[in-house]
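Participant: Below are the chains, spelled out letter by letter.
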Amino acid sequence: MEMLLYWAGLSAVAVNALTGVLDAGRKQMDLIGVVMVGGATALGGGTVRDVLLGRPVFWIADQLYLFVALAATLVVFFAVRNHRLPPRLFLIPDAFGLALFSIVGTQIALEWQAPWLVASLLGMITGVVGGVLRDVLCNEVPLIFVRGELYASAAWGGALLLVGLQEWGVSPVVAMWAGMATVLGIRLAAMAFRITLPTYSERR
Amino acid sequence: MEMLLYWAGLSAVAVNALTGVLDAGRKQMDLIGVVMVGGATALGGGTVRDVLLGRPVFWIADQLYLFVALAATLVVFFAVRNHRLPPRLFLIPDAFGLALFSIVGTQIALEWQAPWLVASLLGMITGVVGGVLRDVLCNEVPLIFVRGELYASAAWGGALLLVGLQEWGVSPVVAMWAGMATVLGIRLAAMAFRITLPTYSERR
Amino acid sequence: MEMLLYWAGLSAVAVNALTGVLDAGRKQMDLIGVVMVGGATALGGGTVRDVLLGRPVFWIADQLYLFVALAATLVVFFAVRNHRLPPRLFLIPDAFGLALFSIVGTQIALEWQAPWLVASLLGMITGVVGGVLRDVLCNEVPLIFVRGELYASAAWGGALLLVGLQEWGVSPVVAMWAGMATVLGIRLAAMAFRITLPTYSERR
Numbered sequence: 001m002e003m004l005l006y007w008a009g010l011s012a013v014a015v016n017a018l019t020g021v022l023d024a025g026r027k028q029m030d031l032i033g034v035v036m037v038g039g040a041t042a043l044g045g046g047t048v049r050d051v052l053l054g055r056p057v058f059w060i061a062d063q064l065y066l067f068v069a070l071a072a073t074l075v076v077f078f079a080v081r082n083h084r085l086p087p088r089l090f091l092i093p094d095a096f097g098l099a100l101f102s103i104v105g106t107q108i109a110l111e112w113q114a115p116w117l118v119a120s121l122l123g124m125i126t127g128v129v130g131g132v133l134r135d136v137l138c139n140e141v142p143l144i145f146v147r148g149e150l151y152a153s154a155a156w157g158g159a160l161l162l163v164g165l166q167e168w169g170v171s172p173v174v175a176m177w178a179g180m181a182t183v184l185g186i187r188l189a190a191m192a193f194r195i196t197l198p199t200y201s202e203r204r
Numbered sequence: 001m002e003m004l005l006y007w008a009g010l011s012a013v014a015v016n017a018l019t020g021v022l023d024a025g026r027k028q029m030d031l032i033g034v035v036m037v038g039g040a041t042a043l044g045g046g047t048v049r050d051v052l053l054g055r056p057v058f059w060i061a062d063q064l065y066l067f068v069a070l071a072a073t074l075v076v077f078f079a080v081r082n083h084r085l086p087p088r089l090f091l092i093p094d095a096f097g098l099a100l101f102s103i104v105g106t107q108i109a110l111e112w113q114a115p116w117l118v119a120s121l122l123g124m125i126t127g128v129v130g131g132v133l134r135d136v137l138c139n140e141v142p143l144i145f146v147r148g149e150l151y152a153s154a155a156w157g158g159a160l161l162l163v164g165l166q167e168w169g170v171s172p173v174v175a176m177w178a179g180m181a182t183v184l185g186i187r188l189a190a191m192a193f194r195i196t197l198p199t200y201s202e203r204r
Numbered sequence: 001m002e003m004l005l006y007w008a009g010l011s012a013v014a015v016n017a018l019t020g021v022l023d024a025g026r027k028q029m030d031l032i033g034v035v036m037v038g039g040a041t042a043l044g045g046g047t048v049r050d051v052l053l054g055r056p057v058f059w060i061a062d063q064l065y066l067f068v069a070l071a072a073t074l075v076v077f078f079a080v081r082n083h084r085l086p087p088r089l090f091l092i093p094d095a096f097g098l099a100l101f102s103i104v105g106t107q108i109a110l111e112w113q114a115p116w117l118v119a120s121l122l123g124m125i126t127g128v129v130g131g132v133l134r135d136v137l138c139n140e141v142p143l144i145f146v147r148g149e150l151y152a153s154a155a156w157g158g159a160l161l162l163v164g165l166q167e168w169g170v171s172p173v174v175a176m177w178a179g180m181a182t183v184l185g186i187r188l189a190a191m192a193f194r195i196t197l198p199t200y201s202e203r204r
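Protein sequence lines correspond, in order, to chains R, D and B.
Sequential numbering of the first sequence, starting at 1, is according to my numbering.
Sequential numbering of the second sequence, starting at 1, is according to my numbering.
Sequential numbering of the third sequence, starting at 1, is according to my numbering.
Because the hints were derived from the structure by calculation, they are not lab data.
Everything numeric in this text was worked out from a predicted model, so none of it was measured.
All C-beta atoms in this analysis are idealised placements derived from N, C-alpha and C, irrespective of residue type, glycine included.
Hints may be right or wrong, so weigh each one.
Chain R side only, calculated, beta carbon under 7 Å to chain D, not exhaustive [to be verified]: (1) VAL51; (2) LEU52; (3) PRO56; (4) LEU117.
Residues from chain B shown here face chain D by an in silico Cβ test under 7 Å; the list is partial [stated by the list, open to error]: (5) LEU31; (6) ILE32; (7) VAL51; (8) HIS83.
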């Protein structure tokens, strides 16, 4: 159980660093800019969760997360620079990062005794803040706020499922796999079939 | 006294959620985007105050704030969507939210033993951060930084009055009402008569 | 040693407030907007460092930093308003602020028992976050992310030197002076000779 949480966390950091680099690259940033955007995308969500919970920040307490984020950023930077990639390519790893981070974040908040609604929201925050930071740093309206495809709602749905399954007696490991599959499934289905939520106004 | 602080805090959360929804709506966000902007506007200021003070974050310690923010966001979203509202309408509830939040924030900081200047600044921060977050998330220059009408200065003035009155022996409840009336009065008067502070440069 | 840390910290706050005012002035902000941007530039980096470390925020624990930031902002505002300054002028004090903040931040993190890589990163964060906040509040892509001249990398280099020198037995005071000279030297040389890091793509 703790192993699953730890490995899922490390994978999420690496995958999110990858998406940060791909996105930052479009802005023609230099190496250190890419490292900072990659790092913020990889570590931002969990940092906000830990600060809100009053918990020691995960990458300060355990330097390994930091090494993974830096290594992933550098490897991707030198691997893909000067290659022309399809712009939507990074949406697939991004969906994996969303699923991993939102479930890991929810579970950590639950273990820190957060009430259920708070835990599910902190999970969603862990999942989406990295991408929001990435977009704000690149001076764009965060994608999750403008496009209609399910994103934060996919994360929140999976987080609520995780909380509910454990409430009903399902083991945490099974609940975590189910939660991750749910987030990933909703997000990929929403991208494939362009499923959207109602927007504020019909006048598009 | 504690009751006044609690109810003023809940009202501030509801009113700020309302302004967040009205403002986010102009950007054609979908439901979850509106929920997130509404939530950030409603809870952002108090969250920053609590993190800076090293105090447990108020909506994590007491889930009721979260329910109020969510409920206010959803009610406003479905009530006003597809209605065309005058764009300056939301400035009135925004002034109430500013007054409530800045006074509640200052009082909480004082009770947490912050020194007087820090307490008044934390009050101002509690009052304005929600709106700043809202504007940054919508990728606009925060309104309080560009328009000359008194906004943060109204909040700071009321916060300083609250601190001063209690220093001179006035009861906290009376001081809070006086502080809120001051913030609201300055802000509404500044809007009505277009009172402004000196700007950096005369060349407009 | 503690004296050096304290005075370097106060100087960094004053210098950063100065750059914040100069930069905010270009956006035609009013007095309170300038005060807020100046304050965020002066206090933002150290605040993020303290929150991440779980340390009491420096300007809440010691109000003197706040007075210095406010005084520097007000003095600069009234001194330079209505003067037309060369836009690149503020880059020189900005380099001093970067050097002071990144070294002070690293040293404080080391004394708070942060591991070496974390400490050097927190030093870099202390150095650059003020400027990033300033640019985000003014709705610009943070300068450190787009221009190729060494900025964050100068801060990180000096921070790593500070950590390394102390690891090898050099006294903290000497290591701090060496670190500050390194950051300042790299940054000024990079501006003078337009030294850059590799960017993501050759296609400019």
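Participant: Confirm or reject each hint.
Facilitator: These are the hints, each one checked on the structure:
no. : hint   : in the structure
1   : VAL51  : holds (6 Å)
2   : LEU52  : holds (5 Å)
3   : PRO56  : violated (13 Å)
4   : LEU117 : holds (6 Å)
5   : LEU31  : holds (4 Å)
6   : ILE32  : holds (5 Å)
7   : VAL51  : holds (6 Å)
8   : HIS83  : violated (9 Å)
Hint violations for this structure: numbers 3 and 8, all remaining hints satisfied.
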